[in-house]
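Q: Input sequences plus hints: build the corresponding full structure.
Sequential numbering from 1 applies to the sequence shown in my numbering.
Rather than coming from a laboratory, the hints here were simulated on the basis of the structure. Please note that the accuracy of each hint is not assured.
[To be verified] When the alpha-carbon atoms are kept at most 25 Å apart in a straight line, the in silico BS3-like pairs for lysine-lysine are as follows:
1) K267 - K133
2) K260 - K232
3) K322 - K260
4) K213 - K260
5) K180 - K265
6) K232 - K213
7) K16 - K43
8) K180 - K267
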Amino acid sequence: MQRKRARVIYNPTSGKEVIKRELPYILNRLEDAGYETSTYATKAIGDATLEAVRAAEADFDLIIAAGGDGTLNEVISGLAPLDTRPTIGLIPVGTTNDFARAMRIPLNVVGALDVICDGFEMPVDLGEIEGEKGDIHYFINIAGGGIMTELSYEVPSKLKTALGQLAYYVKGMEKLPLIKPTYIELEHDEGTFSGEVMIFLTSNSNSVGGFEKISPHASLNDGLFDLFILRKCNLFEFIHVVRLLLRGEHLSSPLVEHVKTGRVKMKTTTERMSLNIDGEYGGECTGEMRNLFRHLTVLAPNARIREMEDLNAQYEREQMIKQLFNVSNEKAE
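A: Shown next, in the form of structure tokens:
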């Protein structure tokens, strides 16, 4: 029987260069799991995207993204437009590892390889962003705008390597006095929002910036995003909302708007707003985001796959009850 082939695309600088030190162990584990494995070390921005395309065209069965959220985004950006897309494995050794947190993949090499070698596959949604000029970008975790979303790509890579997630908090303290709202129009499945915002997030998961309570019941494969909008507020109100967020109680705030939607159309008029895509700069907040339903397959813990199935079933029941309730009200009227 022909052995399956795996390609490990890794960022040699992620996680204090942990992947370079662990490569012999990684290769041995994959060999024992039945994979013929080769590796590719990225050297510049965009390398992981190009290598993911090459690996897919060479009929690799599995592509493993070893690094942070940026490395994973480059890999999925290479695979997303293809007709045939290999399964994705993840070894999260970056600063925040939002998508790995959402998937419940352990944030260490040994645990992540346990998940890969177990071989349980989970379909996941993907976000596609089409800009006004027809340019296409993809995100697997979040896309958003506002001054706080700029932190992730303003933190120097050397500082992230040295301090890890603490680097974001250091930069965040510098930004707090500068926080100001920006006017934006956001069109979604439930209507349109127009006004000044501190931040908006279009999320495919429950984990954003290391906060795992932004959307506790978010599904990774229901065909819908969770859109969060933080309206214009002062510094003290902003800090209060952050405190609520840490407890998972932010949806109770009148400053926070939340909807589930399959698309988000963005438009700014008076000021420019930078778009953050999976933790990296993604241009301006213009164009439209669309949910690509179960577009990719990712190796995940079996327990997490079961959780997604239960979560989706619960949401379908709630929608059915809501629809029946609306029909009853219409008949009563």
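Q: State for each hint whether it applies.
A: Tested hints:
1. The hinted pair formed by K267 and K133 meets the criterion: a straight-line CA distance of about 13 Å does not exceed 25 Å.
2. Restraint check: the Cα-Cα separation between K260 and K232 comes to about 21 Å, which is no more than 25 Å; the hinted pair holds.
3. At roughly 14 Å between alpha-carbon atoms, K322 and K260 fall within 25 Å of each other, so this suggested pair holds.
4. Only pairs whose Cα atoms come within 25 Å are accepted, and K213 paired with K260 is accepted, the gap being roughly 16 Å.
5. A C-alpha spacing of about 22 Å is found between K180 and K265, which places the hinted pair at or below 25 Å, so the restraint holds.
6. Under the criterion of a C-alpha separation no larger than 25 Å, the hint pairing K232 with K213 is consistent with the structure, at around 22 Å.
7. For the suggested pair K16 and K43, the alpha carbons sit about 16 Å apart, so the restraint of at most 25 Å is met.
8. With a C-alpha separation of about 18 Å, the suggested pairing of K180 with K267 holds against the 25 Å cut-off.
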